[in-house]
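Chemist: Next come the chains, spelled out residue by residue.
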Amino acid sequence: MTTALSAVDLRKSFGDFEAVKGISFEVPTGQTFSILGPNGAGKSSTMKMVTTVSPVTSGSLTVLGMDPTTNGRAIRARLGVVPQEDILDSEMTVRENLVMYSRYFGISWADARTKADELLKFVQLADRAGDKVEPLSGGMKRRLTIARALVNDPSLVLLDEPTTGLDPQARHLLWDRLYQLKEQGVSLLLTTHYMDEAEQLADRLIIMDNGTISAEGSPTQLIAEHCSKEVVELRFDNRTSPELQSVAEQSGLRIENLPDRTLVYADDGDAALSHLAEQGVHPTGTLIRRATLEDVFLALTGRSLNE
Amino acid sequence: MTAVERIAAQSAETSFSRSGLLHFFEYQFVRLRTGWRGIVVTGVFTPVLFLLVMGLGLGELVDRDANELGTSYLNYIGPGLLATTAMQWGSQQALWPTMAEIRWEGGYKAALVTPLTVAELAAGHIGWISARFFMAGVLFSGVLAGFGIAQSWWFLLTPLAATLTCAAFAAPIAAFTSLQGNDHLFPLIMRFVVIPLLLFSGAFFPITNLPAVLEWIARLTPSWHGVELCRDLSSGDLALGSTALHILYPLAFVLVGYIGTKAGIKKTLGT
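Chains as they are written, first to last, in our numbering: chain X, 2 to 308; chain D, 1282 to 1552.
The set of hints was computed from the structure by calculation and includes no laboratory data. Watch out, some of these pointers could steer you wrong.
Under the rule of at most 25 Å between Cα atoms (straight-line distance), these lysine-lysine pairs were calculated in the DSS-like manner [as the list claims (entries may be wrong)]:
no., chain 1, residue 1, chain 2, residue 2
1, D, Lys1390, X, Lys133
2, X, Lys122, X, Lys142
3, D, Lys1390, D, Lys1548
4, X, Lys22, D, Lys1548
5, D, Lys1548, X, Lys142
6, X, Lys122, X, Lys183
7, X, Lys183, D, Lys1548
8, X, Lys122, X, Lys133
9, X, Lys183, X, Lys142
10, D, Lys1390, D, Lys1547
Okay, the calculated bits of chain X under chain D, using three or more residues with CB under 8 Å as the criterion [claimed, not checked]:
no., region
11, 50-60
12, 80-88
13, 99-108
Residues from chain X shown here face chain D by an in silico Cβ test under 10 Å; the list is partial [stated by the list, open to error]:
no., residue
14, Met93
15, Ala130
16, Thr146
17, Ala150
18, Gln185
For glycine and all other residues, C-beta sits at the position ideal for the given N, C-alpha and C.
If we strip away everything but chain D, and leave its shape as in the complex, we get (with noise of 0.2 Å):
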């Protein structure tokens, strides 16, 4: 029995099979020909950018007096900066190139007359803009720990971390993309949504420093869980309840966002 055989024979729909993701994942795979200089510039130039201006020279400034951070502002910044590009990365290519695929060129529709289904394909979707992150963020990790800012084991486990925080931007923009018909939202999107949240993150203080309203909203942005599960983890300095908040929070980003993105996909391309 040929592969096509043994899907056509499948008596029952299955919305999920892990070939079809698999498959799906195989196909982006030979794309990454054209996207390897994002992952590269991402993971290795804008690290040691962002590390030579702010950790180094504002760090000097900041580290010149005795700081209230309790480290090192390079230690300090060095994880956050980590998080917030995954939550730039997840949402800029959760906006216009998700659209293409969707939309301009077509690659989803041409997909989902095959045996992939919407779900394999929302799921794939977000998993390979998270995959793709990944790739990135083992480099920022490599540079960050070329700076000298890795001071535990646990530090290994920064890459995965920033994932989720890409994941968890990724899925609900996704969700929104995938119902838009065009990209006029996108940049308020990117300036009012993405550019706040790096700021106002806690990457670059903390957001206690911040008034008690806007320090609250900070705590309700997975932003802020990402930096503070990176710092954690960078410092070694983890707490079971907080630690868990940091993942189980972003998570639900991804869920609702995931089943968002397929109901999108459905809507747009499967009425």
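Chain X extracted, bound-state conformation (with noise of 0.2 Å):
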């Protein structure tokens, strides 16, 4: 299996502030791996090494099968980037925000404006091309975003939080479009604040925290080997319950407390219940549900992933 990315003992420093520790990956390609974790872990300063543009500290990193530090020009003409913002130019039509942005691919003009209506069917904004970027909508801007990272065809698509800010729709929406993306063998490199999101999406995934990386794998083994089955939430009137730290403690359950509510990991969460009941622990709110990457984060740092 060929890859698209590998990095070895990668690290970025400011200064005497080190962002990202020595952390070591590989993005097999056709692939969608997704960087997971809060702000400040160090997925921004990673995502800017591989994009070329921020130089490595120390370690060694391969992009496409090339260096960045020597091939950076050669790396970007093969990258697709959706960055955080949607850094669009106001002064163009959606259009030309496309058919520019492919001259500086060197990509031709005839070529450039084929690419451009077509994936603007594939972002389904066709019915909007000759309008200014300013009216269209947080999710046609994304979009729009997502068809300017594609105008190269590019090999890996960079994308820094995508859907952060956006409805359901929207989301569902894009998903879907960059599913189709990896159905045509596009590698992703995915980061992003929604467990939801890299479970969607995600073949494989790591957990960066503090510029390391906590855990990797694919989601189902993250949960598999890090999590219960399933997860009890439990609401209580004073927020807290004093009895439930020592039946937790004498039955062997581990459990999370969080500000609005406490998690109880368990593999059956029926029985998990019953069993805190008949201790006498009860609670005004429960919920079982199956256990997600959320959960992984916390019981790997002890937080929430958004804080």
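Using the supplied hints, reconstruct the complex from the two chains, each of which is provided in its own coordinate frame.
Modeler: This is the structure:
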């Protein structure tokens, strides 16, 4: 299996501050790889090194088989980058944003126009081709940003929190388009705050915290390794239950106290709930659900991803 | 092999390519749709207004008794106005619009993840500020000619000379802007650098009329060299040594400013 991206002991420092502390991972060609982590985990610093814009401090990074230090231009020619913000050109129309961006890649005018029309259909913006960018909704701007990242038929697309701030419909439309890209054999590197997004899209992922990798694997692998099958969410009138802590300790149940609820990790949620009731723990609200990546993160770091 | 494959196939990094610069200019040219009005105002409205008020109005007073300028006041200030307008254009464009591209609107952030390099971006940025002034400068010179100010065929080169003045301000100020986190200092630059230079660069009166210290300070500014170059081209009174100095001195500002802008963009967007 070929690799689209490979990092070995990759580090990034800003003066005395080390943002990325020696991480190693590989993105196989054609797969979707996700980097999860709270703000300040080192995700964006890693992404910027992959785009070749930010120099690697130490370690090795290979992007599409090339070294970013010496082949920056050649790498960028085959990358698609969707940044966190929609930095579109407000002085151009929707279509011009794509055509003129294509020219940066040396694509001929004729090919740029054909590709722009094709991409506008792909992201469902064909009817807005001649409009200015400003009146577009947040979801439309995001789709246009994604289309712009595809003008050069990239081999690797980097998406930095692509659905932040979008409504559920817009998110699902984007996921669908990203899924189609993956089917076309494009490798995707995705950072996100949203666990459901990573679960939906990622073949493999790493969880980063404080510049290091806390865990790596497929979403199901990580849940199986670091979490119980199910999670019971308990809510109490006084936010916490004094009895729960001791009952959990006696029963060997792992619990996590969050500001608004308490999580109980168990392979059988119903059984755990009955057991707690027998021991005198009576929450005002309960919910049994399957474990998610967010629970994995909590289990690994003891805090929420969105903190 | 497609264009993208051709770029991707380049084995070694080249920091500067003519095609990269060309693509940058093409991109900016499309945006000119909203920027052409500024060019027309600067190229036509400004000189007509100034030449009427100062060249003819004030000039009438200055020329009443034989002046010491060796030519009419209109002929004297016309080329000077062209050079100082270039200075103001270059300075202003290197402040807020540059900040917008680098930080506020993120256009250069998007450009830097394409095959474009920081060197091409810095050169393109300074070059495009200058190219737009050149368009205004051609109109401006046309207005000057219309007022009968052109006295030599060398006058045809005045838009180029003024564009050099524009770049000599745009480049170092863009370098300064590229390292700023906000625009707090920009009004100070306009008030305490650009406006004094407008007044003391010899556009309105000979700098020999200034106290000796200020005269020497004026001689060190690229704007004075620009005023002198435009004036010499307009009158056709050119001497090789001084003309070379009036070209090379501002060129040094362009070069240092370009290196600074490149380093500034790299520091702000590439770390």
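Chemist: Which of the listed hints are broken here?
Modeler: 5, 7, 15, 18
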